[in-house]
Amino acid sequence: MNWITNYVRPRINSIFSRREMPENLWTKCDECGTMLFHRELSDALNVCTGCGHHMGITPRARFEALFDGGVFAEVSVPKPIDDPLKFRDQKKYPERLRAAQKSTGETEAMLVAEGEIGRTPIVAAAQDFSFMGGSMGMYVGNAIVAACERAVALKRPLILFSAAGGARMQEGILSLMQMPRSTVAVQMLKEAGLPYIVVLTHPTTGGVTASYAMLGDIQIAEPNALICFAGPRVIEQTIREKLPEGFQRAEYLLDHGMLDRVTPRAQLRDELIAITRMLMGLPPAVAGDLPAPDSPEKAPAEKAAVQP
Amino acid sequence: MTTYLDFEKPLAEIEGKAEELRALARRNAEMDVEAEAAALDRKAADMLRDLYKDLSPWRKCQVARHPDRPHCRDYIRALFTEYTPLAGDRNFADDHAVMGGLARFRDKAVMVIGHEKGHDTKTRIERNFGMARPEGYRKAVRLMEMADRFGLPVVTLVDTPGAYPGKGAEERGQSEAIARSTEACLTIGVPLVSVIIGEGGSGGAVAFATADRLAMLEHSVYSVISPEGCASILWKDAEKMREAAEALRLTAQDLLKLGVCDRVIPEPMGGAQRDPTATVAAVGDAIAAMLGEIGTPGRAALIKARRRKYLDMGSKGLAA
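Sequences listed follow chains A and B, in order. Sequential numbering from 1 applies to the first sequence in this note's numbering. Sequential numbering from 309 applies to the second sequence in this note's numbering.
Hints in this document: simulated from the structure, not taken from any laboratory. A portion of the hints provided could be inaccurate.
[As the list claims (entries may be wrong)] Short derived list, chain B residues pointing at chain A, Cβ under 8 Å:
| hint | residue |
| --- | --- |
| 1 | 311 |
| 2 | 355 |
| 3 | 475 |
| 4 | 481 |
| 5 | 483 |
| 6 | 490 |
| 7 | 491 |
| 8 | 530 |
| 9 | 557 |
| 10 | 561 |
Computed from a prediction, not measured in an experiment: that's the story for all the values here. All residues carry an ideal CB built from backbone N, CA and C; glycine is no exception.
Okay, chain A solo, but in the shape it has when bound (with noise of 0.2 Å):
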């Protein structure tokens, strides 16, 4: 195409393989087309720093940006039967599910974190998208009853990150049943008198919109993230006509009274502090790298986090 590409990528690319750095240096961005650089990329938590558009960003990263000094212990989740339907599609489902660890590095479409925000103590859960489209199967469910047992055990917020096309197909009904699963969960954290909130980020449709990602005490949004029952293409091919401008992206449902707030990834961090501390009845954070003054609140925090 041109020597950019033809030439100098090649070059780069080879220089930086035999040195065994990341394969894509660059990223494209999707919507406006920049290339990005992969450290640039990183310290602007995945967002396009042309044109603010979010890109997906795994559960690890999102912790280690989220979490004080990227510190948080795992919380681990109970590991559910393999191919509880013996599915099989074109491929068999555990086939899909090897293939996905290798890709991601990960065991599941979920990963669940404790540990402190701005020194406040908080269990995390945030689903993988790029894990088989982040579906929420047994574990996810799993990780989601962890979360906020675990949440219910320490006397702590429950943040969820939403990502997922919706429910896993190959666990057919099982898949399903997390809905009313995840929902039990969700009750335990409430009763206990516990804050549940819920990021939603691009894209969380399908079952897991209609179940936990819904019952936030506070639902935040990433902007434009794609947030739906049913998706764009279903409607348009149900209702023959074309749907509006931004239809189920986060400001349209901020529009709709469906969301509390749509936030920026950049602020998302302070914001989760601010509105914590206030729903746990705790002082204000005490902003840039100061040492926290002793609260009553931080030495049973503190233990708490060192338990496996």
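We have chain A; now place chain B onto it with these hints.
Structure of chain B alone, referenced to chain A:
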């Protein structure tokens, strides 16, 4: 007029012939066709038994969607007395895809809620083919909460292709409405029994079917996605619905093994549409039996057991 499904074509021929013979005999008094017609009847009955002996999952989906199956309205008419429909979500509209209200079931006051698909073109459109909008789920939540306040058991009848995928439905928070309805199912302190009488389509069904006891009619289905939808996503070909129906394990028999449903209600030979009266009666007995099983354990125990049921779900696969 009997409506035949594609796999019932040979049956349609034989039954049609028998019918023709009898019509002929009615016009010509001297003709005696009864022996011949009876032979055809026997042949048809054998064929029907053969066809329905071991229905494939896809055929079960077709039977579950059969237009002549008894629908929610028929069950309410036959099984409940003093049915008093209650309308509206007090917010936006009344959704005709969801019926509900106070009624007596075998003399005991209950709240009955269900999807209604309609029985002819006009009523199908009016009922939106049983596809509820957010208002339908919000009406259900309102009725469930009312039942809870007055100590009335809740009976839900599930028969929906799924929640309606429309522009307004999405704008008014379809997903939130479904989530709240499922939540209400798990919060109320009164017995909640549910029967899937036809199609249990995805989230639209979960919103009503999350119950202390769930029964399914023999040829009803309950699935995370329609076989056609699953086929078009995983096989990239909507025509592979037979394979998808097989893989999804959506039949009442499989769901009983998986512990998702608690009992299977046998249907008359050839499906519910061949003998609606018997089907409706069998469903009535199942509802009574399930309410009896639950008994009156008290609010807290009831809610706890229901939640436990759903937390434990899926801990064993089909093998167990």
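Hint check results:
1. 311: 24 Å, violated
2. 355: Hint violated; residue 355/B Cβ to chain A Cβ min 32 Å, cut 8 Å.
3. 475: 6 Å, holds
4. 481: 5 Å, holds
5. 483: Hint on residue 483/B: holds, closest Cβ of chain A at ~4 Å, below 8 Å.
6. 490: 5 Å, holds
7. 491: 5 Å, holds
8. 530: Constraint on residue 530/B satisfied, holds at 6 Å.
9. 557: OK, holds: residue 557/B within 8 Å of chain A, min 5 Å.
10. 561: 12 Å, violated
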